[in-house]
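Turn these sequences into a full structure, and let the hints guide you.
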Amino acid sequence: MTKGQLEAKLSEAISKFELEYMGRGPKTIRTYIISDMILVRLSGFLSPSEQKLADTPQGIELFKKVRASLFVGGRGYLETLITDIIDVTIISAHSDISTKTGEKIIVLTTNKNLEELVTSK
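First residue of the sequence shown: 1, per this note's numbering; consecutive thereafter.
Bear in mind the hints are in silico, worked out from the structure with no lab data behind them. These numbers were taken from a predicted model, which means no experiment stands behind them. Hints are all accurate, no fakes.
Here are the computed distance ranges between Cβ atoms for each label pair:
#1 Lys100 x Gln5: 31 to 37 Å
#2 Leu70 x Lys27: 15 to 21 Å
#3 Gly23 x Asn113: 31 to 37 Å
For each residue, glycine too, the CB sits at the ideal point set by N, CA and C.
Given below as structure tokens:
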């Protein structure tokens, strides 16, 4: 599998996680493999009610707490989706959302250099 093919498969899996577990899939998603990291950039996944909630500082705080809690709760499912594609162990998972841009970043670190596992063609 090429790096691009693996990145596309990981994007599909993470999009599935967002849709099935978090309740709404992204409009755009792009996954990057960098050494032992999987970096995912998603946009267009906030619901209208979440966008409205982000209008106040208290709403932003509540929104981020709920989303962070959901992400932690679903980590096992996300890891399963990823390990079904590639044989790695997920060491850590980080996520943050910009309520201004509606963009979400997920960074996963693994136990292997993923760039060494893919073909160059």
